[in-house]
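Protein sequences appear in the order of chains A and B.
At position 23 of the first sequence the residue is numbered 24 (my numbering), and the sequence of numbers has no breaks.
At position 369 of the second sequence the residue is numbered 822 (my numbering), and the sequence of numbers has no breaks.
FYI, nobody ran anything at the bench for these hints, they're computed from the structure.
There's no promise every hint is true.
Straight-line C-alpha distance at most 27 Å; calculated DSSO-like pairs for lysine-lysine [unchecked claim]:
id, chain 1, residue 1, chain 2, residue 2
1, B, Lys910, B, Lys830
2, B, Lys608, A, Lys118
3, A, Lys63, A, Lys41
4, B, Lys624, A, Lys184
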Amino acid sequence: MAIIKVERPKLSIGEKIYFGAIFKGMVITLRHAFRSLVGKTTGAKELNSSGVGVTMQYPEQKWDDQLPEYYRGAPALVTDERDRERCVSCQLCEFICPPKAIKITPGEIPSDNEWAKIEKRPLEFDIDMIRCIYCGMCEEVCPEQAIYLRPDYVITGTDRNEMVHDKDRLYEIGGKRVGLVNKWNDLK
Amino acid sequence: MSEDAPANTVTAEKELPKDLAAAAGMVNVQIDGEWLQVPKGTRMIEAAKLVGKEVPHYCYHPKLSSPGNCRMCLVQMGMPPRPAPGQAPVYGDDGFQEIGWMPRPVIACANTVAENMGIRTGGDLVEKTREGVMEFLLINHPLDCPICDQAGECKLQEFSVEHGRGASRFKETKIKKPKNVDIGKNIRLDDERCIMCSRCIRFMDEVAEEPVLGFSQRGTHTSVTVHPGYRLDNNYSLNTADICPVGALTSNDFRFQMRVWFLKETKSIDINCGTGANTVIWTRGNEVFRVTPRQNDDVNSSWMPDSHRLSFNNLQTDDRLSGPLIKKDGKHLQSSWMEATAHAAAGLGMRQSDEVAIIASGRLSNEELFLTKQIAKALGTELIATVPRIGESDGKLISADRNPNTTGASLIWNTSDPAEKLDAIREGVSSGRIKALIVLSEDLLKEANFDSSDLKKLDHLIVSHTHANPTASHADVVFSGAGFAEKRATYVNVTGRLQRANQAVIAPGEARDDWESLAALLSQLDENYIPPASMDSILNHISSEVSEFKGQTFGSIGDLGIQITETGVTIPLLEQEKARVESGQIVG
C-alpha cells in the first residue's frame, strides 16, 4: 500500500495561543454551574434529576419507574391468589442455574395442610445472591411459574450469609402474583 | 444339515441358510433389513436388542412373564407367503424367501422369532402405532412430573419425548383416581400415574410369591390396588418401585429426597449378608440417597431385599466415629492417628503371644482380613476369630450367613470355620488369661455374648468400628473406620464369587479406611513390614499367597465379580429363576 504522508494542520495565531479555547470551555462550565444553581440543568427532566447538577443523587434518587418491564433483577418466589406457594421443589432451577446459586431442600406437605394434595414443597430454598448472575434461566425453566426475576437490583449485605436469600426473603421479594396458570385448581 | 441328501446328486445345491441355522438350533431373522441368526425361541424384542435396536416397551421385563398388555412394543412383522398347494418355495439369490409384510403390527415382547421372519422396528406403520399408543397412555396421565419422584428415570417421559405429541387432543376431564395411597411400609401408590403395565403385580406373584397386588375396576377406571385386608409389606416390595416404568409406585424412603438427575451412580455390592447382591449407590455430594439393585444373573438377578437396601440409613448417623480416640483417665479423648496407633502398638508389643487375641469380623473385606492375619502373625498369636452371624435364609436372596465375607475369611485364613476360636477367646478373656484384645468392626457385647465385666479385665483393648458402641466404650484405643459405601474393597460371597465394592462417598472427618489403620499398626509392631501403598497392593499380596486369588486384581474382578471357588452353596432365587427360564415362562 502506498504510504500517504499526513501533514500537520497549520494552526493560526489564535489557535496557537490556545487561551481562547480554555476561556470558551470555562464559559460553558460556568453557564452550567449558574443554570444548575437556579435549577435549570440541561436534561434535568429526562434524567429525572433534582435539577441541581446533571448527576442523579443515587440512592436518594432512583430510576426505578423507568426500568423496562423485562428488567432482570433478583430472582424471587411468588405465591398465587390464595397465598399458596407455587413452588413444588422440582429442582429444575437448581439444575439449570449456571453459577449454581440455587440450593433446594425438598419436603413433603403434611397431610393436614390445605394443599396436601400437591404433596411437595420446598423445605428450604436458598439463592446465593453473590453467585446469581441474573440470567433468568430459573424463571424460564420453571414448570410451575413459581420463580420470577423481580426489578429489585439493590442486593446488599454486610457478610456472605446475608447475601443468601432464604425462602422467607424470597417470598417477601416475590410477593403475590395473579393471573397465572392455576394447575393445582379444585378440579385437580 | 443335509446329511441324508445323496452327496452325488448333480442337482444338490449349496445349503440354504435355513438349514445351516436349523442345524445349530438357530433361525434366520431379518431385522430392519439386516439378516442374522438368533437362537430358536428368542423373543422378537430380544432379537432386536441383539442388533442394537431398542423397541420401546413398558410391560415387558426379561425376568417376568410377558402378558403383552402395554402395546408399546408393536413392530411390523413379515413371513414368506404360504405357497399354493404343490408350489415349491422360491429362494432368492441370498438363499432367503421373499418376505410378505403383514399389514398390522404385532407385539415384539411375547412373540418369538421364526425362520425367514422379517421385523421392522421402524417405519411409518410402527411410528404411527407407537404415537397412537403413547397418546392413549397419556390421556389420563396427570401433569405430575414436577413433583413425581420418577421424573428423570421415567420411561413414559422418555418415550413421550420420542413418540408423543407436543399437546394433548383430549378435551374432556381426566379420570380421577386415588393418589398418595399408603399401601405398604416402603411403598407409596399413585394410581393416576399408573399405565397398567402390571409389572408390579407379576413381580409380587412370580418373584416375591406374595400376590397381594392386582387390578380392580374396568376400562379407563382400571387401577392397581392391594387386596383388601392386605398390605404390600413384603421384604422385596421396593423392587416394584424399581421396575415401575412410571411414578405409580415410589419408595417411601427416597420420597422427595432428591431428583435423580443430581445423583451420581457408583457400582458396588451389598454387604448385609453372604449373597452380596450387586448394587448401585446413588449419591450427591458426600451423601448417600438410595441404593438400588444392579443386575447380576449369577448373584441377585435384578432384585434386592428391602431390609438390605435401606440399611445405608444406618451409616450416616449421629453416633458415627469421626476420628481416633484414646482413653485417658476413663474418658475418650480425640487423638491423632499417629498417637493412637503408637498407643495401640505400645500396649500390644510387650505381651506374651498367648496373652493377645484378635476378634475380626466377617464383615471385613479380604484385604482387611489379610492384614489381620499378618498382625496375628506379628504378635505370634493363634487366637484369631470372626463373629458368626447365622440367621435364617428367606428362601430367596437373603443368605443364612449374615456376614458378607465368611468365605473370604476361610480362604485367606486357610481355615474351614473362621469363627471356630471365638469361644476360646471369650473363655480366655473371662478367665483373665488374655490381657490384650483387638476387636475389628464388631460389638462384642451385643453380637458375641461377651460380658462387660469380662472386658474390664483386659489390660489393653483396641476397637476399630464405624460407630460408637458399648464395646468401644471399654476400649483403650478406638480406631474410627470407614463404612460400606466409603471404601473400595473385595469380598467373597457364599457361592465363592469374588466381588468388588467401590467407594461412593468419603468417610467423615478423620475416619480412615480400616486397611490404613491396620497397616499403620502392623508397621509399628513389625519394623520390617513395608506398609502397602494402596488397597490394590494388598490384593496383590493376597493373590500371591492364597491360591484361589491367584491373578486377581481390582480390574480383573470387573463389575460383575468372578467365581474363584465353588462352595456348593446356591442362591434359592436364582434356582427358582432358572426353573422359570427352562419352562419358558420368562426370558431370564
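Tested hints:
1. B/Lys910 - B/Lys830: 24 Å, holds
2. B/Lys608 - A/Lys118: Judged against 27 Å, a Cα distance of about 24 Å means the pair holds.
3. A/Lys63 - A/Lys41: Measuring from Cα to Cα gives roughly 20 Å; hence the hint holds.
4. B/Lys624 - A/Lys184: The hint holds at about 15 Å.
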